[in-house]
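> These are the residues of each chain, in order.
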Amino acid sequence: MEKFKTLEGIAAPMPLINIDTDMLIPKQFLKTIKRTGLGENLFFEMRYDKNGNEIKDFILNREHYSKSSIIIGGANFGCGSSREHAPWALKDFGIKCIISTSFADIFFNNCFKNGILPIIVTEDIHKNLLLDADSEKTSHMEIDLESQKIIRSNGDQIDFAVDKFKKYCLINGLDDIGLTLKNSDKIIEFEKDYSDKFSWA
Amino acid sequence: MVIMSKSRTLYDKIWDDHLIHSENDTSLIYIDRHLVHEVTSPQAFEGLRDAGRKVHAPNKTIAVPDHNVATTSNRLTNFGSEEGRIQLETLDKNARDFGIHYYPVDDIRQGIVHIIGPEQGWTLPGMTIVCGDSHTATHGAFGALAHGIGTSEVEHVLATQTLIQQKSKNMKVEVSGVLGNGVTAKDITLTIIGKTGTAGGTGHVIEYCGSAIESLSMEGRMTVCNMAIEGGARAGLIAPDEKTIEYVRGRPHSPTGEKWEKAVEFWKTLYSDPDAKFEKELFLRAEDVAPVVTWGTSPEDVLPITDFVPSPESFQGNKIEAVKRSLEYMGLRPGQKLQDIEVDAVFIGSCTNGRIEDLREVEKIVKGKKIKSGIRAMVVPGSGLVKKQAEEEGIASSLKEAGFDWRLPGCSMCLAMNPDQLLPEERCAATSNRNFEGRQGRGGRTHLMSPAMAAAAAITGRLTDVRDI
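Quick mapping for you: the protein sequence lines, in order, are chains A and B.
Counted from 1, the first sequence has number 130 at position 130 by the working numbering; the numbering is strictly sequential.
Throughout, the working numbering is defined as the position within the second sequence, counted from one, plus 201.
If you're looking for bench data, these hints aren't it; they were derived computationally from the structure.
The reader is advised that the hints may include incorrect statements.
Unchecked claim - Derived pair list, reagent style DSS-like, types lysine-lysine, alpha-carbon separation capped at 30 Å:
| no. | chain 1 | residue 1 | chain 2 | residue 2 |
| --- | --- | --- | --- | --- |
| 1 | B | Lys481 | A | Lys167 |
| 2 | B | Lys396 | A | Lys127 |
| 3 | B | Lys525 | A | Lys56 |
| 4 | B | Lys520 | A | Lys56 |
| 5 | B | Lys368 | A | Lys67 |
| 6 | A | Lys137 | A | Lys56 |
| 7 | B | Lys368 | A | Lys182 |
| 8 | A | Lys186 | B | Lys207 |
| 9 | A | Lys167 | A | Lys149 |
| 10 | B | Lys525 | A | Lys67 |
| 11 | B | Lys469 | A | Lys186 |
| 12 | B | Lys368 | B | Lys481 |
| 13 | A | Lys127 | A | Lys5 |
| 14 | B | Lys214 | A | Lys182 |
| 15 | B | Lys214 | A | Lys167 |
| 16 | A | Lys186 | A | Lys167 |
| 17 | B | Lys444 | B | Lys396 |
| 18 | B | Lys294 | A | Lys197 |
| 19 | A | Lys166 | A | Lys67 |
| 20 | B | Lys396 | A | Lys186 |
| 21 | A | Lys3 | B | Lys368 |
| 22 | B | Lys294 | A | Lys91 |
| 23 | B | Lys481 | A | Lys166 |
| 24 | A | Lys186 | B | Lys255 |
| 25 | A | Lys197 | B | Lys568 |
| 26 | B | Lys207 | A | Lys164 |
| 27 | B | Lys368 | B | Lys214 |
| 28 | A | Lys192 | B | Lys368 |
| 29 | B | Lys469 | A | Lys192 |
| 30 | B | Lys368 | A | Lys197 |
| 31 | A | Lys137 | A | Lys91 |
Said to hold, decoys possible - On the chain A side, residues computed to face chain B include the following (Cβ under 7 Å):
| no. | residue |
| --- | --- |
| 32 | Asn18 |
| 33 | Cys79 |
| 34 | Ser102 |
| 35 | Ile187 |
Virtual Cβ for every residue (Gly too), placed ideally from N, Cα, C.
The task is simple: from the sequences and hints, build the whole structure.
Right, here's the structure in full:
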């Protein structure tokens, strides 16, 4: 996995609440057996009209925001299905960080597995960041994961919280499976005790 | 294993039994059953191959194609799309190469993964069960800790039979009293989501309890837990009781003999201690639950069928804009009577409501009647065995005579990955679980409801109070 230490980029405002995984990447694109190439279909139904032409008003179609690497999203971002195609599509498009007041659980976890940092902020901070993102002039932000800070275009620094283990994995670009397999002995030992106790399982 | 003396919830107990080790807030938990389907697994198996890894516990891993399969009789040769064919073929190859349990599309036991898990006795109380599908919550009806995972986690479980987790908080939803006429498990679960909102359960595992929950059949309990995810919860749970034990007894993969006796003895300890602590609680009177429908594009947009389409201004904050958008998408105007909304299609099926009891409910409403002319009505049984049973019970012929299209099992129009899709602006009474924009086909308009309510809508051609039929 790609390491995530700092990020500098344009933040796109998407205040709509309950942005679900069907919006992020509709089902017709789940037939792939690959992880790549989904970016062009990110937000497919909001982004393209019925004839496949770009909808000009859609935020990520506007020239400035088409290079966004951050989304300031509405509450309960990523609700719906467990499809990892959603973070795959975001990443392929170039989005590396999403800031919202809340995320759906599975989506939140899926982001970390793909080098995307989801950040939860308070409503007040969220409002300010949305205002920043709304104007092209102030839409540039910096994320410093090591010091856990969002740096606004006016220089203001905002602290954010992140789980220690998830931060460690992101910063070092670590693969979970490799880490877990370091504990193979513990798993095998557990399985022995477990199958004694729960022979029916 | 951690031995705790303090009072524990059912979730705490299952968690403790499966905890391998813990560091700070991060834990490694053991997984008893891993269910796999064709859409969220190809990249995980590819990852295993690339790293030269094996499936750690093939005997605890069960694969079935369901999301993509066609529901027409020619489905062994007609896949709807070339990509769909490749995905099904990939699952077939992976299942055989890695030696996991597998129900191919031509096996009568094939069906929606969350229907066949319980049906085949893979799902047992006290287990941890995961699947690359958010509706894994369904299995919580058995008092199993079951939840959806992403593809990276699918790969992790395949390789290690464990999952890295942060423990969730406990939430209790108690529904007491007696359900009124025409009110079903689906109405309970939708009503709860209407109250908590789609993020109300975020970060929590919900335990459903109370006399109204206990009175439900296993099928009904599965419907309730299935939609825990729509309330944002990681999982839903119902403590096992005699009904649970009777349901799992004698299933192909249920324990037998001495193991069975030992299991039953253990299952009887699976309940929340009386003074266990829940971080969040919701109480609901069964008498206050009505037959409901959704009117918007979020499962929280729920109202009793006797109500009216709300106005955006009756909401607060960011929800106002969201409601404006969803009413426009749904082609509805504030103040419109819900019962005046005409439908074009009816979909009966899905992991929420594709079990035998659901089809019996539909038959009760439509037997001897005809669906309104011009309505496209489809029944997709949840598994080959549900289909067979419904055919043996005469349900299939009643439904066919009424004008329903009787299909082969799969996820079908719930997520519309296969050719079963709504057309733009086509309006559907659906027994599935999500009414998101485009969920059942681009521009399609979904109203979620119980099987009985969907059946009533098929007869009258509009959203209908089942109590009037």
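> It remains to establish, for every hint, whether it holds in the given structure.
Against the structure, the hints come out as follows:
A hinted pair counts as satisfied when its Cα atoms are at most 30 Å apart, and Lys481(B) with Lys167(A) qualifies at roughly 28 Å. For the hint linking Lys396(B) to Lys127(A), the alpha-carbon distance of about 26 Å falls within 30 Å, and the restraint holds. Distance hint between Lys525(B) and Lys56(A) is fulfilled; the C-alpha atoms sit about 21 Å from each other, no more than 30 Å. Taken as a hint, the Lys520(B) and Lys56(A) pair is honoured in the structure, with Cα atoms around 25 Å apart against an allowance of 30 Å.
This hinted pair does not check out: Lys368(B) and Lys67(A) have alpha carbons roughly 37 Å apart, beyond 30 Å. Restraint check for Lys137(A) and Lys56(A): satisfied, since their Cα atoms lie roughly 20 Å apart, inside the 30 Å limit. For the hint pairing Lys368(B) with Lys182(A), the CA-to-CA distance comes to about 22 Å; that is within 30 Å, so the pair holds. Among the hinted pairs, Lys186(A) with Lys207(B) is consistent with the structure: their alpha-carbon atoms are about 26 Å apart, no more than 30 Å.
With a CA separation close to 13 Å, the supplied pair Lys167(A) and Lys149(A) stays within the 30 Å bound. Of the supplied pair hints, the one linking Lys525(B) and Lys67(A) holds, its CA atoms being roughly 29 Å apart against a limit of 30 Å. Distance hint between Lys469(B) and Lys186(A) is fulfilled; the C-alpha atoms sit about 29 Å from each other, no more than 30 Å. Note on Lys368(B) and Lys481(B): the hinted pairing holds, with a Cα-Cα distance of about 15 Å set against a maximum of 30 Å.
The hinted pair formed by Lys127(A) and Lys5(A) meets the criterion: a straight-line CA distance of about 25 Å does not exceed 30 Å. Annotation: proposed proximity of Lys214(B) to Lys182(A) holds, straight-line Cα distance about 27 Å (limit 30 Å). At most 30 Å may separate the alpha-carbon atoms for a hinted pair to count; Lys214(B) and Lys167(A) meet this at roughly 29 Å. The hinted pair formed by Lys186(A) and Lys167(A) meets the criterion: a straight-line CA distance of about 24 Å does not exceed 30 Å.
The suggested pairing of Lys444(B) with Lys396(B) holds, with an alpha-carbon distance near 28 Å, which does not exceed 30 Å. Between Lys294(B) and Lys197(A) the CA atoms are separated by roughly 35 Å; this puts the pair beyond 30 Å, and the hint is violated. Only pairs whose Cα atoms come within 30 Å are accepted, and Lys166(A) paired with Lys67(A) is accepted, the gap being roughly 26 Å. A C-alpha spacing of about 43 Å is found between Lys396(B) and Lys186(A), which places the hinted pair above 30 Å, so the restraint is violated.
Only pairs whose Cα atoms come within 30 Å are accepted, and Lys3(A) paired with Lys368(B) is accepted, the gap being roughly 26 Å. Only pairs whose Cα atoms come within 30 Å are accepted, and Lys294(B) paired with Lys91(A) is accepted, the gap being roughly 29 Å. About 26 Å separates the Cα atoms of Lys481(B) and Lys166(A), which keeps this hinted pair within 30 Å; it holds. Taking the CA atoms of Lys186(A) and Lys255(B), the gap is near 18 Å; set against the 30 Å cutoff, the hint holds.
With a C-alpha separation of about 50 Å, the suggested pairing of Lys197(A) with Lys568(B) is violated against the 30 Å cut-off. Straight-line distance between C-alpha atoms of Lys207(B) and Lys164(A) comes to about 28 Å, which keeps the hinted pair within the 30 Å bound. Distance restraint check for Lys368(B) and Lys214(B): the Cα-Cα separation of roughly 12 Å lies within the 30 Å cut-off, and the hinted pair is therefore satisfied. Distance hint between Lys192(A) and Lys368(B) is fulfilled; the C-alpha atoms sit about 24 Å from each other, no more than 30 Å.
About 23 Å separates the Cα atoms of Lys469(B) and Lys192(A), which keeps this hinted pair within 30 Å; it holds. At roughly 23 Å between alpha-carbon atoms, Lys368(B) and Lys197(A) fall within 30 Å of each other, so this suggested pair holds. This hinted pair checks out: Lys137(A) and Lys91(A) have alpha carbons roughly 24 Å apart, not beyond 30 Å. Look at Asn18(A): its Cβ gets to within about 5 Å of chain B, closer than 7 Å, so that hint holds up.
At its closest, the beta carbon of Cys79(A) sits 6 Å from a beta carbon of chain B; the interface hint therefore holds under the 7 Å criterion. Taking 7 Å as the C-beta cut-off, the interface hint given for Ser102(A) holds, the closest approach to chain B being about 6 Å. Given the 7 Å rule on beta carbons, the hint for Ile187(A) holds: about 6 Å separates it from the nearest Cβ of chain B.
This entry does not satisfy hints 5, 18, 20 and 25, going by the numbered hints stated previously.
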